[in-house]
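Line by line, the protein sequences are chains B and E.
Note that the numbering used here gives residue 107 to position 107 of the first sequence, counting from 1, and the numbers run on in steps of one.
Note that the numbering used here gives residue 220 to position 220 of the second sequence, counting from 1, and the numbers run on in steps of one.
A few of these clues could be false.
Said to hold, decoys possible - Straight-line alpha carbon distances no greater than 30 angstroms define the calculated DSS-like cross-link-like pairs of lysine-lysine that follow: (1) Lys74(B) - Lys336(E); (2) Lys274(E) - Lys87(B); (3) Lys152(E) - Lys87(B); (4) Lys377(B) - Lys336(E); (5) Lys330(B) - Lys336(E); (6) Lys30(E) - Lys18(B); (7) Lys132(E) - Lys35(B); (8) Lys378(B) - Lys24(E); (9) Lys244(B) - Lys142(B); (10) Lys152(E) - Lys37(B); (11) Lys195(E) - Lys35(B); (12) Lys152(E) - Lys377(B); (13) Lys151(E) - Lys33(B); (14) Lys151(E) - Lys35(B); (15) Lys195(E) - Lys370(B); (16) Lys37(B) - Lys24(E); (17) Lys339(E) - Lys74(B); (18) Lys195(E) - Lys74(B); (19) Lys132(E) - Lys172(E); (20) Lys152(E) - Lys74(B); (21) Lys370(B) - Lys132(E); (22) Lys390(B) - Lys244(B); (23) Lys330(B) - Lys24(E); (24) Lys322(B) - Lys30(E); (25) Lys18(B) - Lys29(E); (26) Lys348(B) - Lys274(E); (27) Lys308(B) - Lys296(B); (28) Lys330(B) - Lys132(E); (29) Lys370(B) - Lys24(E); (30) Lys352(B) - Lys24(E); (31) Lys312(B) - Lys287(B); (32) Lys330(B) - Lys386(E); (33) Lys274(E) - Lys251(E); (34) Lys353(B) - Lys244(B); (35) Lys87(B) - Lys132(E); (36) Lys24(E) - Lys87(B); (37) Lys172(E) - Lys339(E); (38) Lys33(B) - Lys152(E); (39) Lys74(B) - Lys151(E); (40) Lys74(B) - Lys30(E).
Hints listed in this document are in silico derivations from the structure and should not be mistaken for laboratory results.
All values reported here derive from a predicted model rather than from experimental measurement.
Spelled out from the first residue to the last, the chains are:
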Amino acid sequence: MTLDERLENVAVVGAAGKMGSGIAVLLAQEMAKLKLKSENRDRIYRLNLIDISERGLDGLRAYLRAQLTRVAEKSIVLLRSLYQDRKDLIENAEIINAFVVDATSFVNFTTDLNTVRDAHLVFEAIVEDERVKIKLFKKMKKLCSPDTFFLTNTSSIPIGYLDEQAGLEGRLIGYHFYNPPVIQRLVEVIHSKRTVSELKEIGAELGKRLRKKLVPANDISGFIGNGHFMRDGLFAISEVDRLKAQFRFPGAVYIMNRITQDFLLRPMGIFQLIDYVGIDIFQCILKVMRTHLDDKSLRSSLINKMVKLNVKGGQNPDGSQKDGFLKYEKNRPVGIFSLRRKDYFIIKDDWKKKIDQKLGPLPDGFMPWKALLTSPKKEEQLRRHFEALKKMDTLGAQLALRFLKKTREIGEKLVDDGVANSAQDVNDVLTNGFYWLYGPINDYV
Amino acid sequence: MPFLRKKVFACAGYYTVSLGTGRKEFHPKKPRPGIEHYIKEAGLGSINQINNPENIDEGIIGNFVAERFCKQGNLGGFFPMVHETFLYKPCMRVEGACDSGGLALVTAIKTILADVADVVLCIGVEVQNTVKAVYGADYLAAADWFSGERKKGHAYYFPDQFSQRAGACFEKYGHERIREGMSHWYVNMIENARKNPKAQEYHNTNPDLYATAMTPPNPRVFCEHINVFDCSKVSDGGAALIFASEEGLKKIGVDRKDAVEVVSYAQVQYDLTKPPPDLTEFTTCKIAAQRAYERAGIGPSDLGVLEVHDCFTIAGLLAIEAAGFAGPGEGADFVKEGKTRLDGEIPTNTSGGLIGYGHPTGASGVRQAVDVVNQLLGRAGDFQVKIDSRRPYGMLSSMGGNDKTVVAMIFRRVE
Numbered sequence: 001m002t003l004d005e006r007l008e009n010v011a012v013v014g015a016a017g018k019m020g021s022g023i024a025v026l027l028a029q030e031m032a033k034l035k036l037k038s039e040n041r042d043r044i045y046r047l048n049l050i051d052i053s054e055r056g057l058d059g060l061r062a063y064l065r066a067q068l069t070r071v072a073e074k075s076i077v078l079l080r081s082l083y084q085d086r087k088d089l090i091e092n093a094e095i096i097n098a099f100v101v102d103a104t105s106f107v108n109f110t111t112d113l114n115t116v117r118d119a120h121l122v123f124e125a126i127v128e129d130e131r132v133k134i135k136l137f138k139k140m141k142k143l144c145s146p147d148t149f150f151l152t153n154t155s156s157i158p159i160g161y162l163d164e165q166a167g168l169e170g171r172l173i174g175y176h177f178y179n180p181p182v183i184q185r186l187v188e189v190i191h192s193k194r195t196v197s198e199l200k201e202i203g204a205e206l207g208k209r210l211r212k213k214l215v216p217a218n219d220i221s222g223f224i225g226n227g228h229f230m231r232d233g234l235f236a237i238s239e240v241d242r243l244k245a246q247f248r249f250p251g252a253v254y255i256m257n258r259i260t261q262d263f264l265l266r267p268m269g270i271f272q273l274i275d276y277v278g279i280d281i282f283q284c285i286l287k288v289m290r291t292h293l294d295d296k297s298l299r300s301s302l303i304n305k306m307v308k309l310n311v312k313g314g315q316n317p318d319g320s321q322k323d324g325f326l327k328y329e330k331n332r333p334v335g336i337f338s339l340r341r342k343d344y345f346i347i348k349d350d351w352k353k354k355i356d357q358k359l360g361p362l363p364d365g366f367m368p369w370k371a372l373l374t375s376p377k378k379e380e381q382l383r384r385h386f387e388a389l390k391k392m393d394t395l396g397a398q399l400a401l402r403f404l405k406k407t408r409e410i411g412e413k414l415v416d417d418g419v420a421n422s423a424q425d426v427n428d429v430l431t432n433g434f435y436w437l438y439g440p441i442n443d444y445v
Numbered sequence: 001m002p003f004l005r006k007k008v009f010a011c012a013g014y015y016t017v018s019l020g021t022g023r024k025e026f027h028p029k030k031p032r033p034g035i036e037h038y039i040k041e042a043g044l045g046s047i048n049q050i051n052n053p054e055n056i057d058e059g060i061i062g063n064f065v066a067e068r069f070c071k072q073g074n075l076g077g078f079f080p081m082v083h084e085t086f087l088y089k090p091c092m093r094v095e096g097a098c099d100s101g102g103l104a105l106v107t108a109i110k111t112i113l114a115d116v117a118d119v120v121l122c123i124g125v126e127v128q129n130t131v132k133a134v135y136g137a138d139y140l141a142a143a144d145w146f147s148g149e150r151k152k153g154h155a156y157y158f159p160d161q162f163s164q165r166a167g168a169c170f171e172k173y174g175h176e177r178i179r180e181g182m183s184h185w186y187v188n189m190i191e192n193a194r195k196n197p198k199a200q201e202y203h204n205t206n207p208d209l210y211a212t213a214m215t216p217p218n219p220r221v222f223c224e225h226i227n228v229f230d231c232s233k234v235s236d237g238g239a240a241l242i243f244a245s246e247e248g249l250k251k252i253g254v255d256r257k258d259a260v261e262v263v264s265y266a267q268v269q270y271d272l273t274k275p276p277p278d279l280t281e282f283t284t285c286k287i288a289a290q291r292a293y294e295r296a297g298i299g300p301s302d303l304g305v306l307e308v309h310d311c312f313t314i315a316g317l318l319a320i321e322a323a324g325f326a327g328p329g330e331g332a333d334f335v336k337e338g339k340t341r342l343d344g345e346i347p348t349n350t351s352g353g354l355i356g357y358g359h360p361t362g363a364s365g366v367r368q369a370v371d372v373v374n375q376l377l378g379r380a381g382d383f384q385v386k387i388d389s390r391r392p393y394g395m396l397s398s399m400g401g402n403d404k405t406v407v408a409m410i411f412r413r414v415e
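Turn these sequences into a full structure, and let the hints steer you where they fit.
Put into structure tokens, the structure is as follows:
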């Protein structure tokens, strides 16, 4: 079966979640474009968006409509040609509306897993819990035809393990989108030893069709993305442990967040990122990796404590950040969780100033991440920034360089351990999936 | 016998900031002033420069398409809001696509020539940031023959019309030559706008404008031969200018030396249902300029300042040719040689033009007149050019649609 044929009937399970809803938008637009081709006029398309939550599905309906409108607005040049035979559609607004109607007309929003039955491609994006996932795959195996292909969005559970436990016989591939899937270009693709070659080809072609950057990762728990992020986060936590005697816990969290964001020129600080992902999810991925890799170092008592206190971070339905290690107003950190007080310590200007003074200044000519992102001289400016840090004898520079070195070690180990095929793949994941300006494996330090 | 059967003067010009992307105070998601605000600000800006606003007899409001951008018609109804003494005085709105402002100027002058008014307040206005560009493109497409042309047209209808003109010029005169000319036009306009605090590009700090202007087009999301920097802005803004007879100037307490004289104008209309006769020239603009020169008894070399309708960079080049400053295809060289710059042979669009100041469509013709008048009066501020006493004339050319509706108008400093 070709990809075009498979795209006639597709299911997303866990469709109302953050990842599932984004995958749903990508699929709906791709399927609509197929449907609009004159040769496909007689074909019936069906996109089954399945979730256990009715409320979630209501939200998904609104999200899908809003996102498809945005997609249509951006691809209006193409859409005008696709609708050129429709004499009744003249203005852009009419064409955009028609596309949204067309792209939602074949969507079936449901809580009934049985609708997965006729799907040729099934995207799984449910909770990152291997027992739940295995149970679901077992059910779907029974419901679906023996040539159905499954794509899981797991970011940590080995694909071969899931396949074996559910008895999918090579019909499963890891297809790990990054959050939010509509915007992030990266998809980590993981084949298990069993994955059939036809599915490998379908995955590669689909990636091209969705204009995603596909980076292969080997079937080792955590893959490249979490393989790096978890260890990076744990290192930051260990630095906080080291610094908290001098700066207290909130001060140490502030420092490491600022070092990673400003000194290392990342889009957000490491603790803001952990909050964005969700502290509970961070904990859950650590557990998966600890189990499958049999590596006891992948553990953090701080993370466990936070989850136990029900401080979990994550995102609101509108994408804004929920409070975690940091407290947010308009997505900007305004406070830091104090373990002692079990409440947020509000960042005050003089407190910040005092700590910033101890860290020392940023290098001359400092440009923040956002400005560098679009700078034509980015490479040169990055090099100058890190060269300057090396010449500065400040606490900030020392912490930054220590972090930069550690981050590189983590990346290199992913290559040594065979998780990534090359340093380039590691760098591609961090630059495309995490919006870093530079890969962790570099010669800056 | 002069073209105008009595003397008509223009004075007390004013225009608002051109609000839209590029301005620091602009935020697409925050509430913004509505169309009535711009009518009032522009009107007040003008009448605050005269002594007796109560002696203004009539109002004319030029606007293209408020019915769609703002869901607002009957714009004449905002005239009494500008000043309390305007209540129960006549006002009407005129429309001619992006030349609405030009038609408003002409209508104001005709009202004085008709001897039914001595003083007319002429306002141009447009508010366009109410919708995304992808939707606004359709509202603006009304400037062409909608039922005949829109369906087969591009998503960005007018940008594509001018992209086709650019493509035709590339083919006829050489890609590099014309492309470079277009880019130099962009640089020229942004540099002028940086001297004009009301320009949409006033805050532009791009260190390499020319490189930006040379950005390759991306036909997948926009047009084949032009990029977004070749386009004028999506803008909210208003402009106002007072026209008066000799008697009228006295009535509003304006000295003749604070006014300029309208020497001639030409209003030229092409058939909306027909394609342009030649994609590589502005035929209608050319005829308008020729008639305006003829009626004034002057030629291009008598002009000290020029305003053209550069809705796109290619339009800037073609307008220079239509105004008689360069032969076919030579507009690009003329601009590249710096002859349109503030210190050049014929300073053009000194406040930034439609590319740099912005293009609140219905206001543009009036805004152009205000700039010509201010230059001739020596009141253009940081972008004032030296007006040689041997070349005391200034001309504007305002265009609606794809060279369909054109007004050319010539002013002269009062000695």
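Here is what the structure says about each hint:
Using a Cα cut-off of 30 angstroms, the hinted pair Lys74(B) and Lys336(E) is violated, with the two alpha carbons roughly 34 angstroms apart. A distance of roughly 21 angstroms separates the Cα atoms of Lys274(E) and Lys87(B); the hinted pair therefore holds under the 30 angstroms criterion. At roughly 10 angstroms between alpha-carbon atoms, Lys152(E) and Lys87(B) fall within 30 angstroms of each other, so this suggested pair holds. Of the supplied pair hints, the one linking Lys377(B) and Lys336(E) holds, its CA atoms being roughly 28 angstroms apart against a limit of 30 angstroms.
This hinted pair does not check out: Lys330(B) and Lys336(E) have alpha carbons roughly 47 angstroms apart, beyond 30 angstroms. For the hint pairing Lys30(E) with Lys18(B), the CA-to-CA distance comes to about 27 angstroms; that is within 30 angstroms, so the pair holds. Among the hinted pairs, Lys132(E) with Lys35(B) is consistent with the structure: their alpha-carbon atoms are about 27 angstroms apart, no more than 30 angstroms. At roughly 25 angstroms between alpha-carbon atoms, Lys378(B) and Lys24(E) fall within 30 angstroms of each other, so this suggested pair holds.
Distance hint between Lys244(B) and Lys142(B) is unfulfilled; the C-alpha atoms sit about 53 angstroms from each other, more than 30 angstroms. A C-alpha spacing of about 19 angstroms is found between Lys152(E) and Lys37(B), which places the hinted pair at or below 30 angstroms, so the restraint holds. For the hint pairing Lys195(E) with Lys35(B), the CA-to-CA distance comes to about 53 angstroms; that exceeds 30 angstroms, so the pair is violated. For the hint linking Lys152(E) to Lys377(B), the alpha-carbon distance of about 42 angstroms lies beyond 30 angstroms, and the restraint is violated.
Between Lys151(E) and Lys33(B) the alpha-carbon distance is near 20 angstroms, which keeps this suggested pair within the 30 angstroms criterion. A hinted pair counts as satisfied when its Cα atoms are at most 30 angstroms apart, and Lys151(E) with Lys35(B) qualifies at roughly 22 angstroms. The hinted pair formed by Lys195(E) and Lys370(B) meets the criterion: a straight-line CA distance of about 28 angstroms does not exceed 30 angstroms. With a C-alpha separation of about 44 angstroms, the suggested pairing of Lys37(B) with Lys24(E) is violated against the 30 angstroms cut-off.
For the hint pairing Lys339(E) with Lys74(B), the CA-to-CA distance comes to about 39 angstroms; that exceeds 30 angstroms, so the pair is violated. A threshold of 30 angstroms between alpha carbons decides the hint, and for Lys195(E) with Lys74(B) the separation of about 34 angstroms lies outside it, so the pair is violated. Pair hint Lys132(E) plus Lys172(E) does not hold up; C-alpha atoms about 35 angstroms apart against a cutoff of 30 angstroms. At roughly 19 angstroms between alpha-carbon atoms, Lys152(E) and Lys74(B) fall within 30 angstroms of each other, so this suggested pair holds.
For the hint pairing Lys370(B) with Lys132(E), the CA-to-CA distance comes to about 24 angstroms; that is within 30 angstroms, so the pair holds. Taking the CA atoms of Lys390(B) and Lys244(B), the gap is near 24 angstroms; set against the 30 angstroms cutoff, the hint holds. Distance restraint check for Lys330(B) and Lys24(E): the Cα-Cα separation of roughly 20 angstroms lies within the 30 angstroms cut-off, and the hinted pair is therefore satisfied. In summary, the hint linking Lys322(B) to Lys30(E) is supported, as the alpha carbons are separated by about 24 angstroms, within the 30 angstroms threshold.
Distance hint between Lys18(B) and Lys29(E) is fulfilled; the C-alpha atoms sit about 24 angstroms from each other, no more than 30 angstroms. Distance restraint check for Lys348(B) and Lys274(E): the Cα-Cα separation of roughly 68 angstroms exceeds the 30 angstroms cut-off, and the hinted pair is therefore not satisfied. Restraint check: the Cα-Cα separation between Lys308(B) and Lys296(B) comes to about 20 angstroms, which is no more than 30 angstroms; the hinted pair holds. Of the pairs offered as hints, the one joining Lys330(B) and Lys132(E) holds, with about 24 angstroms between alpha carbons and a cut-off of 30 angstroms not exceeded.
Between the alpha carbons of Lys370(B) and Lys24(E) the distance comes to roughly 17 angstroms, so the proposed pair stays at or under 30 angstroms and holds. As the CA atoms of Lys352(B) and Lys24(E) are separated by approximately 29 angstroms, the hinted pair is consistent with the 30 angstroms bound. Proposed proximity of Lys312(B) and Lys287(B) is supported: the alpha carbons are some 16 angstroms apart, at most 30 angstroms. At most 30 angstroms may separate the alpha-carbon atoms for a hinted pair to count; Lys330(B) and Lys386(E) exceed this at roughly 51 angstroms.
Of the pairs offered as hints, the one joining Lys274(E) and Lys251(E) is violated, with about 46 angstroms between alpha carbons and a cut-off of 30 angstroms exceeded. Our distance criterion of 30 angstroms between C-alpha atoms is met by Lys353(B) and Lys244(B), whose separation comes to about 18 angstroms. For a cut-off of 30 angstroms, the pair hint linking Lys87(B) to Lys132(E) stands: about 24 angstroms separates their Cα positions. Only pairs whose Cα atoms come within 30 angstroms are accepted, and Lys24(E) paired with Lys87(B) is rejected, the gap being roughly 42 angstroms.
Proximity of Lys172(E) to Lys339(E) is assessed by CA-CA distance (about 23 angstroms); at most 30 angstroms being required, the pair is judged to hold. Proximity of Lys33(B) to Lys152(E) is assessed by CA-CA distance (about 20 angstroms); at most 30 angstroms being required, the pair is judged to hold. Taking the CA atoms of Lys74(B) and Lys151(E), the gap is about 19 angstroms. The hint holds against a cut of 30 angstroms. Restraint check for Lys74(B) and Lys30(E): satisfied, since their Cα atoms lie roughly 22 angstroms apart, inside the 30 angstroms limit.
When each numbered hint is compared with the structure, violations occur for hints 1, 5, 9, 11, 12, 16, 17, 18, 19, 26, 32, 33 and 36.
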